[in-house]
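Listed in order, the protein sequences are those of chains A and B.
No gaps in the numbering here: position 103 of the first sequence is 103 in my numbering, and each next residue is one more.
No gaps in the numbering here: position 33 of the second sequence is 33 in my numbering, and each next residue is one more.
No lab work stands behind these hints: they were computed from the structure.
Don't take each hint at face value.
As the list makes no split between identical chains, a pair holds if one copy fits it or if it spans any two.
Listed below are the simulated SDA-like cross-link pairs for lysine to any residue, each with C-alpha atoms no more than 25 Å apart in a straight line [what the hints assert, rightly or not]:
1) K393 x E379
2) K387 x G314
3) K303 x C226
4) K376 x G66
5) K225 x A22
6) K303 x Y70
7) K168 x D5
8) K168 x P120
9) K350 x G32
10) K168 x M1
11) K6 x E139
12) K266 x A160
13) K168 x G121
14) K376 x S24
15) K35 x L25
16) K303 x G66
17) K97 x S186
18) K35 x Q64
19) K376 x T189
20) K266 x L25
21) K387 x R63
2 protein chains.
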Amino acid sequence: MPIADKIQKGITSPTYASRLAAESLTLQNQYGPEKIFDLSVSNPVLEPPPEFVKELQTFVDARQSGTHRYMENAGYSANRVMVAEQLKRETGLNFSKDEVIMTCGSSGALNVVFRGLFNPGEELISFAPFYPEYAPYVENYGGICKIIPAGPDFAPDLKAMETAVTPKTKAVIINSPNNPTGLICSQETLKGISDVLTRKGAEYQTTIYAISDDTYCRLVFDGVKCPRLLNYYANTIALTSYSGELSISGERIGYAVVHPDCQDGKDVFGALVYANRTLGFVNCPALMQNVIRRLPDTSMYLKDYQRKRNYLFGKLVGMGYKVVKPAGGFFMLVKSPLKDDAAFVSELKKHLILAVPGGEFQAPGYFRISFCVEDKTLEGAMNGFQKALASVK
Amino acid sequence: MPIADKIQKGITSPTYASRLAAESLTLQNQYGPEKIFDLSVSNPVLEPPPEFVKELQTFVDARQSGTHRYMENAGYSANRVMVAEQLKRETGLNFSKDEVIMTCGSSGALNVVFRGLFNPGEELISFAPFYPEYAPYVENYGGICKIIPAGPDFAPDLKAMETAVTPKTKAVIINSPNNPTGLICSQETLKGISDVLTRKGAEYQTTIYAISDDTYCRLVFDGVKCPRLLNYYANTIALTSYSGELSISGERIGYAVVHPDCQDGKDVFGALVYANRTLGFVNCPALMQNVIRRLPDTSMYLKDYQRKRNYLFGKLVGMGYKVVKPAGGFFMLVKSPLKDDAAFVSELKKHLILAVPGGEFQAPGYFRISFCVEDKTLEGAMNGFQKALASVK
Chain A
1 MPIADKIQKG ITSPTYASRL AAESLTLQNQ YGPEKIFDLS VSNPVLEPPP EFVKELQTFV
61 DARQSGTHRY MENAGYSANR VMVAEQLKRE TGLNFSKDEV IMTCGSSGAL NVVFRGLFNP
121 GEELISFAPF YPEYAPYVEN YGGICKIIPA GPDFAPDLKA METAVTPKTK AVIINSPNNP
181 TGLICSQETL KGISDVLTRK GAEYQTTIYA ISDDTYCRLV FDGVKCPRLL NYYANTIALT
241 SYSGELSISG ERIGYAVVHP DCQDGKDVFG ALVYANRTLG FVNCPALMQN VIRRLPDTSM
301 YLKDYQRKRN YLFGKLVGMG YKVVKPAGGF FMLVKSPLKD DAAFVSELKK HLILAVPGGE
361 FQAPGYFRIS FCVEDKTLEG AMNGFQKALA SVK
Chain B
1 MPIADKIQKG ITSPTYASRL AAESLTLQNQ YGPEKIFDLS VSNPVLEPPP EFVKELQTFV
61 DARQSGTHRY MENAGYSANR VMVAEQLKRE TGLNFSKDEV IMTCGSSGAL NVVFRGLFNP
121 GEELISFAPF YPEYAPYVEN YGGICKIIPA GPDFAPDLKA METAVTPKTK AVIINSPNNP
181 TGLICSQETL KGISDVLTRK GAEYQTTIYA ISDDTYCRLV FDGVKCPRLL NYYANTIALT
241 SYSGELSISG ERIGYAVVHP DCQDGKDVFG ALVYANRTLG FVNCPALMQN VIRRLPDTSM
301 YLKDYQRKRN YLFGKLVGMG YKVVKPAGGF FMLVKSPLKD DAAFVSELKK HLILAVPGGE
361 FQAPGYFRIS FCVEDKTLEG AMNGFQKALA SVK
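Sequences are here, hints too, so could you generate the full structure?
Here it is, written out as C-alpha cells:
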C-alpha cells in the first residue's frame with residue numbers, strides 16, 4: 001500500500017461533508033446560489049462581529065515589533081492569563097495560565113489531547129450521537145473509539161458507560177451543548193459520569209480522564225448556564241474554540257485546559273504542550289492570539305443564534321416535524337419522516353435543501369440542519385420543508 | 001502511566017531549545033537583554049518586510065466578506081495555483097493546484113506527510129546532521145527514524161543509505177539547504193539518491209518516497225540555484241514554509257506538493273489532505289493565505305542574510321575557528337575547539353553567547369549558531385567568541 005492503511009480507507013470513502021460541499025457547489029452553479037438552501041454547513045456564514053474587525057485593524061495598524069514570531073508552544077502568556085481568568089469566573093476553580101494551552105481550534109486541541117494521553121490500543125468512550133471526527137482523531141495515535149448508543153432522549157447512557165469502561169479506557173468524551181443535538185448535559189448526568197469514572201478508576205487502579213468538548217458552551221440560549229464537567233470531575237481536560245463565537249473558523253484558534261486538581265496534572269499539561277509542538281502546530285497562529293486577547297466578550301452572536309433557532313424550531317414544529325429543541329450551538333436534529341434518513345435527505349435535496357443524515361452522527365432516523373446561516377436561507381427553505389413533508393405522507 | 005508512554009520520555013527530558021530559551025530569559029533578566037547574544041534561535045528576529053505589512057493592512061481594510069471561514073482542507077485554490085505556477089517556473093515540472101496543499105508551516109507539512117504515508121513500524125531514513133524534530137514527528141504515527149551518520153564533508157552517504165534501505169523503508173528525507181550546516185545537496189548526490197531508491201524499490205517491489213524539506217531553498221546565497229530533488233526523483237513530496245522568508249514563523253503558513261508524476265500520486269495527495277483535516281489543522285490559517293497570495297516575491301531578505309553570513313563567517317574564520325560555510329538558510333555549523341561541544345557551548349555562555357551543541361543535530365564536535373538576528377547581536381558577540389577561543393587554547 002503506497003499510503004498509510006488507515007488513510008487508504010478514509011480517502012476511498014469521502015466524508016459526507018465533502019460530498020455535500022461538492023453537491024452544494026453543483027446545485028449552486030445549476031440554479032444560482034440564492035436558490036440553494038444549504039443547511040448542511042458547520043461553517044458559520046455570519047461575518048465576524050465589528051468588535052473583532054476593529055481590534056484586528058487596530059492591531060495591524062499599530063505594527064508592534066515581534067508580533068509575527070514564534071512564541072512559547074503553549075501560546076502567549078497574556079492569552080493564557082485571560083483564559084484562566086475567564087474560567088475562574090465561569091467555574092469558580094482556581095485556574096492559572098499554567099493549565100492553559102492555546103491551540104489551532106477545537107480540532108487542534110482534540111488531537112493534542114489524544115496524542116498527549118493515548119497509547120496504541122487504549123480506548124476512548126464516546127456517547128452517540130457525536131461529532132464524527134472524534135474517531136479518526138483518536139485513531140491517528142492508535143486509540144480506539146468505543147461508541148455508546150444513544151438513549152431515547154439522547155442523554156448519555158450511564159449504565160451502558162459503566163459496562164463499556166475497561167482497564168484499557170483512557171478517557172471518556174462528552175460534548176455539551178452537543179453537535180448534532182444542541183442538548184446540554186444535566187448536572188445529574190455530569191455527576192453520574194464523575195461517579196462512574198471515580199468508581200471504575202479505583203476498581204482498575206487507573207486514572208480515567210474526561211475530555212469535555214466545550215466548543216459550544218458559550219452559545220447557550222434562554223439565559224441558561226451550561227453546567228461544566230470541570231465542576232464535577234477533577235481529571236478533566238476541557239477544550240473549546242473561538243470559531244463559532246466569532247465566525248472565524250478558518251483562522252484556527254481555540255484552547256485546552258487541564259483541571260487545576262487533575263491527577264498528574266503537570267505531566268498532562270506537559271504532554272499537551274509537547275504534542276502541540278511535535279504534531280507540527282508549534283503554536284496557535286500569532287496574529288489571531290494578538291487580536292482575541294483584546295476582545296473582552298466573545299458571545300456577541302448569542303442573540304442572533306437564539307432568534308434563528310426560535311424561528312427554525314417554531315416553523316418546523318408548526319409543519320408537523322418532530323424536532324429536538326437545541327439548548328445551544330447552531331445545529332438542530334430533526335426526526336426523519338421516513339425511517340431511512342438518507343432517503344428523506346434526498347427528498348429535501350429535490351427542494352434544493354441540503355441537510356446531513358443522522359447516520360453520520362450515529363443518530364439514524366434523524367437529520368441535522370444548521371442555523372449558522374443567513375435568515376433568508378432559513379426563510380427560503382421553509383417552502384421546501386413543507387413540500388418534502390407532504391410528499392412522503 | 002497517566003500520559004502516552006512516548007511522551008512521558010519527551011517531557012521528562014526537555015529539549016535543548018526550551019532549556020536554552022529559559023536560560024536566555026534568565027540571562028537577559030540578569031544582565032539586560034542588550035548584553036545577551038542569543039545565537040541559538042531559529043526564530044528570525046527581522047521584522048516582516050514592508051511589502052508583507054502593506055498587503056496585510058490592505059487586505060484587512062478591504063473587509064472582503066467570507067474571508068475568515070473554513071475553506072477546502074487543501075487551502076484556497078488561488079494560493080495553490082500560485083504555488084503551482086511558481087514551482088513550474090522553478091523546476092520546469094508540470095505542477096497544477098491538484099498537487100499543492102497549504103499547511104501550517106513546514107512542521108505541519110511534515111506531520112501531514114508522515115501521517116499520510118506511514119504505517120506503524122515503517123522506517124524513515126534521515127541523514128545526520130538533521131533537524132531533531134523529524135524523529136518525534138514520524139514517531140507520532142508509529143514510524144521509526146533511522147539515522148545515517150554524517151560523512152566527513154556532511155554530504156549524504158549514499159553507500160550507507162543503500163545498506164540502510166529495507167523492505168520497511170517508507171521514505172528518505174533530505175533537507176537542502178540543511179539545518180544545521182547550511183549546505184546544499186549537489187546534483188550528483190540527488191541523482192545518487194534517486195538511483196538508490198529506484199533500484200531498491202524495484203528489488204523490494206515497494207515504492208520508496210523521498211521527502212524534500214525545502215524550507216530554506218529560496219534563501220540561497222551567491223546567486224546559486226539550489227538543485228531540487230523534485231527534478232531527480234518522481235516519487236518526491238516537497239514541502240516548505242514562509243516562516244523564514246518573511247519572518248512570520250508564528251503565523252504557521254507553508255505548503256507541501258506531490259510530484260506530478262509520483263506513483264499513486266492522486267492517493268498520496270488525497271492522504272495529505274485527509275491528514276491535514278484529521279490531524280486537526282483543518283486548514284492553513286485563512287488570513288495568512290489571503291495575504292501571502294498577494295505577495296509575488298518572498299525572498300526579500302536574501303541579501304540581508306547573505307551579508308550577515310559573510311560577516312559572521314569572515315570574522316570567525318579570521319579568529320581561527322573552523323566553520324562550515326553555509327550556502328543558504330540562516331544557520332552556521334562551527335567546529336568546537338573542544339572535543340566536547342557542550343563544554344565549549346558552556347564556555348561561550350560565560351561570555352553571554354548562546355549556541356546549540358552539535359550533538360542536538362547528530363553532529364558532535366560542532367556547535368550551531370544562527371544569523372537570523374540583528375547585526376548588533378552578531379557584532380556584539382565577536383569579542384566573546386575571541387575570548388572563548390583564547391580561553392580553551
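Structure-based check of all given hints:
1. K393 x E379: within (23 Å within a copy, 83 Å between copies)
2. K387 x G314: Answer is within: at 17 Å inside a copy they meet the 25 Å cutoff, but 80 Å across does not.
3. K303 x C226: within (16 Å within a copy, 56 Å between copies)
4. K376 x G66: between (43 Å within a copy, 17 Å between copies)
5. K225 x A22: neither (38 Å within a copy, 41 Å between copies)
6. K303 x Y70: Only across copies: K303 and Y70 sit 23 Å apart there, 36 Å inside one copy, limit 25 Å.
7. K168 x D5: Both. Shortest intra-copy (24 Å) and inter-copy (14 Å) distances satisfy the 25 Å Cα cut-off.
8. K168 x P120: Both ways: K168 and P120 sit 10 Å apart in one copy and 20 Å across, limit 25 Å.
9. K350 x G32: within (15 Å within a copy, 70 Å between copies)
10. K168 x M1: between (30 Å within a copy, 12 Å between copies)
11. K6 x E139: both (9 Å within a copy, 16 Å between copies)
12. K266 x A160: Neither: 32 Å inside a chain and 42 Å across chains, both beyond 25 Å.
13. K168 x G121: both (7 Å within a copy, 22 Å between copies)
14. K376 x S24: Intra 17 Å, inter 56 Å, cutoff 25 Å: intra-copy only.
15. K35 x L25: For K35 and L25, only the intra-copy Cα distance (12 Å) is at most 25 Å; the inter-copy one is 59 Å.
16. K303 x G66: Between. Shortest inter-copy distance 21 Å satisfies the 25 Å Cα cut-off; intra-copy 37 Å does not.
17. K97 x S186: For K97 and S186, neither the intra-copy (28 Å) nor the inter-copy (48 Å) Cα distance is at most 25 Å.
18. K35 x Q64: The answer is between: 22 Å across copies meets 25 Å, while 46 Å in one copy does not.
19. K376 x T189: neither (37 Å within a copy, 61 Å between copies)
20. K266 x L25: Only across copies: K266 and L25 sit 22 Å apart there, 47 Å inside one copy, limit 25 Å.
21. K387 x R63: neither (55 Å within a copy, 39 Å between copies)
The structure does not agree with the numbered hints 5, 12, 17, 19 and 21 stated previously, though it agrees with the rest.
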